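Peer 1: Quick note, the sequences are listed as chains A and B, same order.
The letter at position 5 of the first sequence is residue 5 when you use my numbering, and the numbering goes up by one with no holes.
The letter at position 329 of the second sequence is residue 329 when you use my numbering, and the numbering goes up by one with no holes.
Source of the hints: derived by calculation from the structure; they are not laboratory data.
Small disclaimer: the values here were computed from a predicted structure and weren't measured.
Fair warning: there could be bad hints in the mix.
To be verified - Pairs of lysine to aspartate or glutamate, DMTMM-like flavour, derived with a Cα cap of 25 Å:
1. B:Lys252 <-> A:Glu321
2. A:Lys125 <-> A:Glu385
3. B:Lys125 <-> B:Asp92
4. A:Lys252 <-> A:Glu312
5. A:Lys70 <-> A:Asp54
6. B:Lys70 <-> B:Glu60
7. A:Lys252 <-> B:Glu359
8. B:Lys252 <-> A:Glu182
9. B:Lys252 <-> B:Glu278
10. A:Lys252 <-> B:Glu60
11. A:Lys252 <-> A:Asp275
12. A:Lys380 <-> A:Glu312
There are 2 protein chains.
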Amino acid sequence: MTQGGTNLPRVGGYNQAVVLDAIRTAGPVSRVELAPLTGLTSQTVSNVVRRLLDAGLITEAGQAPSSGGKRRTLLSARADGAYAVGVQLDPDAAVVAVVDLAGTVQGTRRVRLTDPGDPAAVVAKIAAAARRLTARVPVDPARLLGTGIATPGPIDGTAGEVVLPPNFPGWGRVPLLEMFGEATGMPVAMDNDATVAAIGERWIGGRDRAGSFLFVYLGTGIGAGIVLNNTVLHGDTSNAGEFGHMSVAPGKRVCHCGGTACLGPYVSPAAVVADLVERHGRPAADRLGLEGTPESVHADWQRLCGAARRGEPVAVRAVREAAALIGRAARGAVALLDVSRVVLGGDALRGIEELMCEEIAAAVNSTSVARAIRPVTVEKSVIGEAVGAVGAASLILHGTYAPGWRMLTER
Amino acid sequence: MTQGGTNLPRVGGYNQAVVLDAIRTAGPVSRVELAPLTGLTSQTVSNVVRRLLDAGLITEAGQAPSSGGKRRTLLSARADGAYAVGVQLDPDAAVVAVVDLAGTVQGTRRVRLTDPGDPAAVVAKIAAAARRLTARVPVDPARLLGTGIATPGPIDGTAGEVVLPPNFPGWGRVPLLEMFGEATGMPVAMDNDATVAAIGERWIGGRDRAGSFLFVYLGTGIGAGIVLNNTVLHGDTSNAGEFGHMSVAPGKRVCHCGGTACLGPYVSPAAVVADLVERHGRPAADRLGLEGTPESVHADWQRLCGAARRGEPVAVRAVREAAALIGRAARGAVALLDVSRVVLGGDALRGIEELMCEEIAAAVNSTSVARAIRPVTVEKSVIGEAVGAVGAASLILHGTYAPGWRMLTER
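All chains should be built: construct the whole structure from the sequences, respecting the hints.
Peer 2: Structure, rendered in C-alpha cells:
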C-alpha cells in the first residue's frame, strides 16, 4: 500500500528500459543527447548503452555531423534484436503476426476458426500456425521472446483466464495463458484486445501517441484501451476499458451483461447490420448485398462499410448513427478521463475511418468545456488493421524492455 | 515523452516522502519494519528518519515489545509537525478549515458569500476568515505551510484559473490561484472540488482507500475524483472526473455545457427539488416544507433529505431516482476504469448516504462482469462533510510530503 522507494540495485534494469525506449523513439541519437532525454547521468548512460550493445538490442549507426568538437556516434535500436509473435483472437478467425523490435510486421497468417466453441482446438490451431510462420519468416529462435495474446474480455488477470467471453459461446473460464504456454513452449502474455491495441498504438505511435489517449476498438464488439501519462490502465482486475458497457442508450435492448442502457448492443457490426435490414427491409438489404444471417455478419459488415464509403445514403446513415452513439459514450469517457485525444482502430473499422472520426469528433467537441479548455482530437490508428496483432507482440517486446508497462503474466 | 530514469541526487526527497507516508499510514512503526514497507535499504531508512526527526515531522514514540533481541524504537508522524488551511469554495458559502499533518480538523469557519458574483470580494472575505481562524486555533506560523483551494470546475490548471464555472454566474476566467496567493501571502494549491475530495479521502482513508477508487462528489453539482493505483488522476487539463457530463439520460434537458444527455441536470439538488415540486405540486412540496425558489435550494434540499431519511415516500422516491441515474453513470465509469470501489461524499449527501449507497451499489453490481469478476463496494466518505476542506488542506500537506501527488501550482 505504500509506494516503494528506489535503491540502486533496482535502477539498472529500469534504466536499461528507459534508455532503450529513448533510443527507439528518438534515435538515431548520441550518448550525449540521451542524458537529458532520460534524466540519467552521462556515466550511467554510457554503462547502459554498453550493455544494450552487448545484448544486440541497439547498434552504432554512423556519426552525427561535427559541431566543432569530437564527432558523436549515433545509436539506433536494432529491429532484428528481438522478435515476438502476436495473436489477435476473434471468434471467426485469429490473426497471427511475427513482429520485430521496431514494431514492423515480418509475416502474418489468418487462421479461420471453424470450431470456436472448443478452446483446446482453437489454441492448438493457432500455435501450429505460429510455428509454421516463425519457421517461414524466418526468425532466429534465440531472439524470439514469446507470444502475446489479444483476447476479447472479460479476463481474470490474476489467473490468466478469459471468463465467459460473450463472443465465444460455450466458453466458461478458459485458462488461455497456461494453454498457450504449453502449446508454444514460450513465455506468453495476454490482455484484452482493446487494451492490447492501445499498448501497440503507444508503442508504435511515438510522439503522436505520447501522454494520454482513449483508444476505441471496433472488432466483433466495441471496447477501449486507456493510456494515461504514457502508461496503459489495466484496472483492478485487468478489465479496464469496457467501453461497450458505458450506459448511453436507455432502451429495451438487453446487453449480455444484463444491463439495458449499454452502448455495445447498438453499435457492434452485427447490431448495425441487423438494424439496417430491419429498418429498410429486404430490398434495401439486397441492394447492398447483405444476407442478414448470423453467419454472414463479417461479410455483411464489409459490404455495409463499402457502401458507406461509396456514399450510399442508407449505409452512411447506419454508420453515422452508430458513430453518434459511440461519440456520446466517448464524450462521457473524455469528460471523466480528461484526455484530449481519441484514437479509433480495429478491423471492423476498415473503410469507415473518416466517417467515424468525423462524427465522433463532432460529439466530443460539442461541449463548452471542449471549446473553452480542451478541444479533442479524433484520429485513426497509426498502425491500422494489424493493431491487435502488433499490440499483442508488443506485450512481449515492449513489456520486456520499455518502462511503465506491466506484463499480465509470464510463464 | 520518454520516462525519466532515476539518479541518486533525486532519490533523497522522494524517499523522504515515501518514508513519511509509510510512517503516517502504518505507524507507530520501527525502522526495521520500514525497510520492507518502503523497499529501501536499512541504511537509507535510517538516514531519512534522522532528517524527518530533525524537521519535527515525526517523533520517537515508545518501544516495541521485545522479541528476544534489541528493543525497537517506534516512530510516529507528528500531527503538529505541519498545518495547512483548506478552503472549500461553493456559490453560497465557503468552508475554511485548519488541518494538521494527521488530517485532523483543528478549527473551521463557514463564510457566507453574499456577493458570489464578485471574485475579488469572495477571495478577500475568505482570506480574512482564514487569518482570524489561524490566529484563534492557534497555529505556529512557521509550521503553517499554505492554503489549499477546492473550487468548482472547470479549471485551467496551467494558468491556475477557474474558467466559466457554471455555478458562479458572471465569472469568466478568474485567476484564483494568484488572487489567493496575494491575499494570503502563502503558497497556494488549487484543484477542482471532487478531485480534491478524492485526494483527501486517499490521504485520510489509509488502507481502506488504498489502490483505486471512484469518488462521487455531490455538492451544488455532481462531480467525481479518480484515484488509480494510489495516484489521483488530474487529466490533461486538470479537469478529470467531470462525472456530471457522463451521457446517461438522453432527453430534452440541456446541460450548461450544451449537451442533451448529461447526468448533471437531472441529479443536482436544485434539479431534484424542482422535479419533485413539478411532479407532485404545491401541496406535497408544502408538506415537506419546500419553498421551491432558486434562493431556497440549499434549505429545500436539506428538508428533502431529512424527509427521505424519515421515510417520506415522495422524498425517498426523488432520492432513489436520482441515485439510480448516478448509479447508471457510475456503472459506466466503473466499467471504463475497472475500479472495485466507489466512495460517495460531499455536503449535499448529508442524511441520504445510506439510501444513495444502496441504490448505486445495486446499479453497479447488476452486470455479469460484476458478478463473475469484480463486485463493486459502494461506501460513504470516511471523512464525511468536511471532505472538501480536509482534501484542500491535503493539497498542501500531502502534496508536499507524500509521493505521487502533484500540486497544481505553488506560489
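Peer 1: Next, verify each hint and record whether it holds.
Peer 2: Structure-based check of all given hints:
1. B:Lys252 <-> A:Glu321: Satisfied, since the Cα-Cα distance of roughly 19 Å is no more than 25 Å.
2. A:Lys125 <-> A:Glu385: Given pair A:Lys125, A:Glu385 holds - Cα atoms ~22 Å apart, limit 25 Å.
3. B:Lys125 <-> B:Asp92: holds (13 Å)
4. A:Lys252 <-> A:Glu312: This hinted pair is violated, its Cα atoms lying about 29 Å apart.
5. A:Lys70 <-> A:Asp54: Between A:Lys70 and A:Asp54 the Cα gap is close to 24 Å, so the pair holds against 25 Å.
6. B:Lys70 <-> B:Glu60: Holds, at about 16 Å.
7. A:Lys252 <-> B:Glu359: holds (21 Å)
8. B:Lys252 <-> A:Glu182: violated (56 Å)
9. B:Lys252 <-> B:Glu278: holds (16 Å)
10. A:Lys252 <-> B:Glu60: Violated, because 63 Å separates the two Cα atoms, which is more than 25 Å.
11. A:Lys252 <-> A:Asp275: OK: A:Lys252 and A:Asp275 at ~14 Å, within 25 Å.
12. A:Lys380 <-> A:Glu312: holds (22 Å)
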